[in-house]
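One-letter residues, chain by chain:
Number of protein chains: 2
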Amino acid sequence: MADTLRLIFPQWQGGGLPLYHLGAQVLAWLAPEATGPVLKIDVPPPSGADLPIEGGIRARRAVLAQADAAMAALRQRQPARVVVLGGDCGVDLAPFAYLSERYGDDLAVLWIDAHPDIMDRTQTPNAHAMVLAQLLGEGDTEFVARVPRPLAPERVMYAGLYDMSPVERATLDRLGLGMATPDDLRAGSGKVLDWLTTMGAKHVAIHFDLDVLDPAQLRSLYFSRPDAAPGAFDGIPQGRMGIAEVVRLVTDVAAEAQVVGLSITEFLPWDAATIRDMLRKLPLLNEG
Amino acid sequence: MADTLRLIFPQWQGGGLPLYHLGAQVLAWLAPEATGPVLKIDVPPPSGADLPIEGGIRARRAVLAQADAAMAALRQRQPARVVVLGGDCGVDLAPFAYLSERYGDDLAVLWIDAHPDIMDRTQTPNAHAMVLAQLLGEGDTEFVARVPRPLAPERVMYAGLYDMSPVERATLDRLGLGMATPDDLRAGSGKVLDWLTTMGAKHVAIHFDLDVLDPAQLRSLYFSRPDAAPGAFDGIPQGRMGIAEVVRLVTDVAAEAQVVGLSITEFLPWDAATIRDMLRKLPLLNEG
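Sequence order for the protein chains is A and B.
Counting in the working numbering, the first sequence runs from 670 upward without gaps.
Counting in the working numbering, the second sequence runs from 670 upward without gaps.
Incorrect hints may have been included.
Because identical chains cannot be distinguished in the list, a pair is counted as satisfied if it fits within a single copy or across any two copies.
[What the hints assert, rightly or not] With a cut-off of at most 30 Å between alpha-carbon atoms, the simulated DSS-like pairs for lysine-lysine come out as follows:
hint	residue 1	residue 2
1	Lys-950	Lys-860
2	Lys-871	Lys-950
3	Lys-709	Lys-871
4	Lys-860	Lys-871
5	Lys-709	Lys-950
Calculated from the structure, these hints are not laboratory results.
Note that the structure is predicted; figures quoted are calculated from it, not measured.
Could you put together the complete structure from these sequences and hints?
What follows is the structure, given as structure tokens:
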């Protein structure tokens, strides 16, 4: 469909991890050729310097500037549909705010993620863990100001989420956000499809954080860092969905409603970075 | 150095595994920008069909045609130095034969590999496991005919090899090939540098099969296949070298002799293929 804008959005500051920058570019390289326009959001590449915490949020100014650039491009071009190739989860602030503005109550949001992304700056400095709260109109005022039409909580549903911290659980319960766990989705997409039918929304935007996947199936995830110390991720929920299950879910949803947004986030190609860095050190290749 | 020709050589038939084709392209994408000419060898992409065994060798005609294309390009351009980004190990037949022709007795070959690549067609149908034998003038006559000036065994040394099958061991002993094991190289590059000094060769070509690396450091290797059955690789030696150790070895060698050939082979980016195949199945991305 020609009116699908593809955004390549190598934001890394929202997760505080330089590798998201390479990840977005590898993802863009691996994606099928676009049938519509492709736009790369300008993101300063990692310099090796630490990112400043600004008003409780890491690289606040850079993350806001990038969201503003994406929103300006979206408002100018007015695509009917948006694909986002991230980057950290925070890349979805502007595109999902744009889709909410465009489709209003006729938009449902499926948040496929092992984590709820509803923290605030008292719980983390990393904007990528706050982005869904902001899209719901909660949290830091500068970020929330980027969402003129916040999502209604009943129009948001999680898929693949199964555990979280008590503080996240409290926020989720207060907002009344629905969720379909990996176990709920094992046999089929029914729980999500029932919600879609109840909502009656004709349009759906899908956030797909790759870390919802079982790290044994894909090792380019946060939890599959090759140099991680044993136990480094104890207590942090790791993805439990299979790739085929996510593909089935998304396909089932696309048969019920028009998909107007799809973002792929948190791709961390550890091996690509390892190879890139190694090749730079070898004779005949390091001449540049 | 402007007179370095970079060959992108996505040969996959020599290893019988389609993923080598993508691997060469990802490797080329990750490599530092070339300072000299870059040439991609034309290789038919995997079609999903099984490859024929032709006279005991898998895809003999395709592999020979690709070697001939590479040799024709090398002889026409006459580069002083060659970088090869493979592809399976078999990509080195033409480039190393070319370098042997060009530098003669003034060429030494360092074969950094967990496997000796000296089988014949009675032991395997896969050309990538035969290529060093062919460069030494042994094995299938059609392949050996592509090596007008075979390497002298004393001018070849393995690095990172530490175990092999009895039949490989017998060939290695008969030829009298030297080797520096991962243990030999743990403390330094001395064993390889001593050999280089004894040889007095001013030029060196380096074959670097990535599977010499510890699969815990790089998961884009044959032995890190995510869907491998438990025990699938029992009895096959897996790499035991660290990336830093290989970089040190190659750097030390480059300080002693002029590196005129460097090939990087057997990169198998499982995750890249997983992501590519998954993205093709998702709405808004599968429209092409």
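- Message: Going through the numbered hints above, which ones does this structure break? Give me the numbers in ascending order.
- Response: none
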